[in-house]
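Protein chains in written order, with this note's numbering: chain S, 1 to 264; chain P, 1001 to 1497.
To give a feel for the contact side, a few chain P residues facing chain S, derived at Cβ under 10 angstroms:
#: 1; residue: Gly1060
#: 2; residue: Asp1063
#: 3; residue: Glu1065
#: 4; residue: Gln1073
#: 5; residue: Gly1132
#: 6; residue: Ala1184
#: 7; residue: Ala1196
#: 8; residue: Ile1216
#: 9; residue: Pro1264
#: 10; residue: Leu1271
#: 11; residue: Ile1280
#: 12; residue: Ser1345
It should be emphasised that the hints constitute simulated quantities derived from the structure, not laboratory data. C-beta: ideal position from N, C-alpha, C; glycine also.
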Amino acid sequence: MKSLKSFVFILGACIGVPTYIMAIRPYAKERERQPVPYQAEPDPKNPSAPAKDPETAKTLYYPQSYAGDNKRGELVYAREGCAQCHTQIIRPDYAGNDQIKRFSGREQEFKKDVPTPVRQTHPWDYMHEDFAMFGQRRIGPDLSNAGYRFSDKEGKPDPAKVANLYQHLYAPRSIQGRKWSNSPSFKHLFQMKEKESDEGRGDALKLKIGDDLDADERDDLLPEEGFEIVPTEEAKALAGYILGLKRDYPIPSSITGIQPKAEK
Amino acid sequence: MSQESQTLPPEATPDDILQRATIDKSTRLPVLFFFTSAAAWLFIATLLGTLASIKLVVPGFLDLEYLTYGRVQPAFINALVYGWAFQAGIGVMIWIMARLCRTELRNPVTLVVAGHFWNLGVTLGVLGILGGIGNLHMGCLLDFPSMIWPILLFAYSLVVVWMVIMYAARRKGMVYISQWYVLAAVFSWPWLYLVANSLIHVLKKTGIAGPVIASIYANNVLFLWMVPVGLASAYFIIPKITNKPLHSYNLSTLAFWSLIALAPWAGAQRLIGGPVPAWIPAWSGMAQILLLIPMLAVALNHFQTVRGSHHLVTLSPSLRFTFFGGIGFVITCVVAALLSSMSISRFTFLSYAEDALQMTGYYMFFTMAMFGAIYFIIPRITGCEWVSGKWIRLHFWSSAYACIFLCILLLVAGFSQGAAIESWGRDYLSATMFSRGYLVGRIIMWFFLLLANFTFLRHLTLMVLNRGRKAGLPTMIHPVATHSTAPIAISTEGAQA
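Excised from the complex, chain S in its bound form (with noise of 0.2 angstroms):
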């Protein structure tokens, strides 16, 4: 080596093109990607039919934002490092089996025997996010379509099993049949305050504790007698964002270059 100049010219261009080609060009890619518009409406079923009526399809676009409560809740979901054991990628199937997972998304959750693939996550699925929630490790379940778990069979949230979240996320081994479970409690999420009313408030938790739990647990999980558990907002916020978690909106046939077919 020459010379300090020459050692750090090659240094720079073997570290400078990686740089460029593996980070720089793939973030001047996502900065270009727009919402792209259907030129059918969507059809859930049946992604590839053609419009039933082209005048709505021209003002829906792909994919859709989040409502404001959901960005908070991403907020909250990567603060409370969430993304270190839930991840929210579904592969291909040529690099895994998580296309036909149970609970990874609609079809799965009604007819459990039966599975029907769900399309894989798409880059065009994280646009809306500053930074994708692709998660650190699969300690816990995949939440790529995790909203569907908590809806009943018309996509809208399902009030006992929002409960069974806000209870997931305020004592996650209290759920029958959770013993086993490793995610931690978010306690501090949730507030203890004393009841307005005979009926309580709307929001505060109805624990369904499991009978595999002590009886020193269970006491220590109810609140006392005039008091009730209530979530915060930024507990409401999360929630808000899980129950929003739905990547499998079909996605326009300009992106995936499939034309539609013609309706039988």
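Based on the hints, put chain P in the right spot on chain S.
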């Protein structure tokens, strides 16, 4: 450069010895500062790591808002890397650079100021993660709160400036391979850190490019910072203690440039199958597997240099830790290459096997290599010998035992977890239960590391407080008198060499 000038001179004249002692004395303040704060951070990181491993089996243990698994795990890994690894590495870099440039260290206060800023940044960062303002969804060593990175970058840039001045003021003549490695580590990290942070925190809206950038950054910290620093120290210590020239200088040059050419591409292979353009993980995986070439070149070179002097590995603490670190380097590259393979990553995708890679890379290779360097450097700059060979033995065996088993346990845990996730009929009960036994084993291994690092911290503190042995022979792992070839070890291990 001629062939003679490329190897370390085998015989030292009295002038050389005097000059080395002067240089060592001049580096005392900054090097001791970096080593002691690094050892303290190592102990903190070990406590956090123990807590994180307990949390996965007994989640109710210390049930506090600030100590959920999601916060303790990133706090642990960042304290280990930025608190311990970087500071120990900077200390070793300063000392090796001063020795090999054969110039006295001028202006040590700049480096101490840099060290204070670095510690400030790491402390605020770790507290920020535990306190709930970190970027924990980013992972990949970028979990610190957004305002920390300028502090770290500023502190490191002081070190860079100092290194360049040092290099420019060197006595003309040979440039040894360790200096190349140190310079590569000096220049590459600020660039990588600046690019990653300015894209993610300043320009924002990274979308799927964010995880790609972060994964490559984390891999580069291992292969473009830790590997150069660890190898610089190994290339320095192995010829010194065996008292033999390097086996092949050309081979070391080949290893250096192939590492520099390949390592920056690797990293994104942990996202195989993820929603990123498929060529990115494929290309990264290829680079990661090709990194076996520099690994083989380095391993061959080191093995051939130590060949015939293997008895010294049992005696000299520095050589034993360095040699173990060399084995750790081989294992790190092999594990990283295995996890980059498509058919294997199907079962290890984002599983505990990635923790296994982190533990081999950060601990089995880098930490052990740094221990070797610290056992070599401290007697030379403090002028007294390590207090007890017994403590060194305890430190070595508990560390070695723990990191070998951590690697095996986490790899097996990762495969069983991944296999449970791969079989589509199973729910997460089986993924949790299949790996739980190995996680219990991991807790036990962390207690061994606690023992090891407490011993090390106590030993180092005694040395820094000038309470080492003032006279006598260098401290060996075993009593020297029992071994016939001991005189070689004494002549090169002692404070004067």
